[in-house]
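Asks: Protein chains in written order, with the numbering used here: chain A, 463 to 662; chain B, 19 to 419.
Read the hints as simulated data drawn from the structure, not as lab findings.
Note that the Cβ used here is the ideal one computed from N, Cα and C, for glycine as well.
One should not assume that every hint holds.
Stated by the list, open to error - Beta-carbon label-pair distances, calculated as ranges:
1) A284(B) <-> E599(A): 40 to 50 Å
2) E584(A) <-> G333(B): 56 to 66 Å
3) T488(A) <-> R164(B): 52 to 62 Å
4) E584(A) <-> K132(B): 54 to 64 Å
The residues making up each chain are set out below.
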Amino acid sequence: MNAAVPPSVTELIEAFSQLPGIGPKTASRLAFHLLRGQSELALRLADALHGLVERTQFCSICYNVTENDPCPICADETRDHSLVCVVEEPLDVLAMERTERYRGVYHVLHGALSPLKGVFAENLRIAELEARVRSGEVREIILATNPTSEGDYTAAYILQRLKGREVRITRLGRGLPMGGDLEYADAVTLTRALEARQEL
Amino acid sequence: MYIQSLSLRQFRIFNRLELELAPTTVLLLGANAQGKTSLLEAIAYLAVGRSPLTHIEQHLIHWDAETQGLPFAHLEAEVVRHTHREQIALAVERKTLSNGQARLQKRITINRQKVKRSALAGHLNVVLFLPEDVGLIGGPPGLRRRHLDDLLAQVYPAYIEAANRYQTALSRRNALLRHLRERGGDRRQLEPLEMELAETGVTLSLYRQGVINALNLYADPLHRDLTGGQAWLKLHYLPSFNPRRPPEMAYQPALMPEDVPTTSAAATLRVAYRKALVQHRSQAIERGMTLLGPHRDELRFISQERDVGIFGSRGQQRTAVLALRLAELRWLEQVTGESPVLLLDEVLAELDRARRGYLLSLLGDVEQAILATTDAEMFPPEFRRRTHILEVNGGIILPST
Ligand SMILES: [Zn+2]
């Protein structure tokens, strides 16, 4: 970084460039935008970021992001706790909730198996899923990882791992665009995929 | 089939090229490094969606394109087949991502519809003769595998699909093996990958066996012709995974590739291959790589009980590779019902008079052949009279005056 840029700005630019989809150019633009405008926005952002770190945590049951543990979904007694939908990311929970049809609970893996990117079973919440199944409360697992080759690999591995346990394991039905992300699927498509789920 | 027109933008030395071609023998005449080989490369590239000369596609884009801020190459051909006409186009573009990294994007269309690379199979078939082909026989096995892959890719979309899936599963498994060696972890992560390797790997192996069996039917008589009836030639496929098969699982020499994957032998092989992968797991983890499978297949050329790749002279290797190319021509004719476009780059220069004559006599049978040479004198006058002669100079092609 140039000597004409103060270290505090450089630090912010470097932090921004760590975010997905943001390159050095965009990072600089964002930093200088915050600098140029009123300090109000910068402080609001700082507060929000602080709150994000201080107040949110992972639900100790489903590992979704929450301010209260257990999360509102896991705490909801009207939901079917024997039906667990396994997704890659918290955003996928949002997509499933948009269908307004799903009444079970979730399990968030926080990623998909990807040896080439250094993501292995121990980096995902798979042991935690296994523990939930072992507790005996789960009747059905819906594998709702993305319809990508990594999502398929992850689903196939979980199936291997849960083989022999007293639990029904299903995979979301096809119809979701191959190679796409669950979070971008619309509610109608997702509902259809949910209804067309197949036992593995 | 033949290529009726070819259009190139910023491909290699060609800034802009529009070329009409006739269903006949075309002679490209020019000094070295003027674009003759690149033109043949462009046609082969359109046939299978990858270059026969480089795997660094960045090199295909004209050196000047980058400085003009238009880092892309575009290739397009109109192909006339016996029943209809088709347009095949391929664009390679260098994109700069928001994080500053560059990425090459490839877009393939057939009749203006965007398609996957595997869809190219069966649209434009070519047989390309290159001077460096002589290294194919004795060079590293990867060259021969790639060669088989590109040949099968011209005919079978299922082969390309299986090859892509195999490659993905293989690189994942290798990365996982190294991780298990260094950090340990749950070995059950290997299982889905091994299932995928067994599924797709056996498909690749059976297609390869099928095409080699078919090529053998043609290569031997061709090789005998080329050696004045003296020497036989046999292509010998050595699959890396080769269970000591009971006789009923032995490959049938007459089996054509399209019949192969449905046979019960395929299912049995898949089970056996997967079992072998599981058995070799500890070794594989130790070595950090997958030790068994089509990525380690071998193809040897045997003539008169001797391996031509090891014991053959350069001349004998050249004859074997010529027989192989001509066998490919015959095989493509047989499976597609049409003669492929023949592309020859400076091949005649290395042949003696008799073989040169033999090769030229075969050109009459194909609909279109495109030959590149620095020396028109290499061809007999009566042959030159029957050909279209084009002069290639600094990326510009003009009819000979
Ligand atoms: Zn929860």
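Asks: Each hint needs a verdict: does it hold in this structure or not?
Replies: Here's how the hints hold up against the structure:
1. A284(B) <-> E599(A): 40 to 50 Å: About 43 Å separates the Cβ atoms of A284(B) and E599(A), which means 40 to 50 Å holds.
2. E584(A) <-> G333(B): 56 to 66 Å: holds (58 Å)
3. T488(A) <-> R164(B): 52 to 62 Å: With Cβ atoms ~40 Å apart, the hint is violated.
4. E584(A) <-> K132(B): 54 to 64 Å: Given range 54 to 64 Å: violated, Cβ gap about 40 Å.
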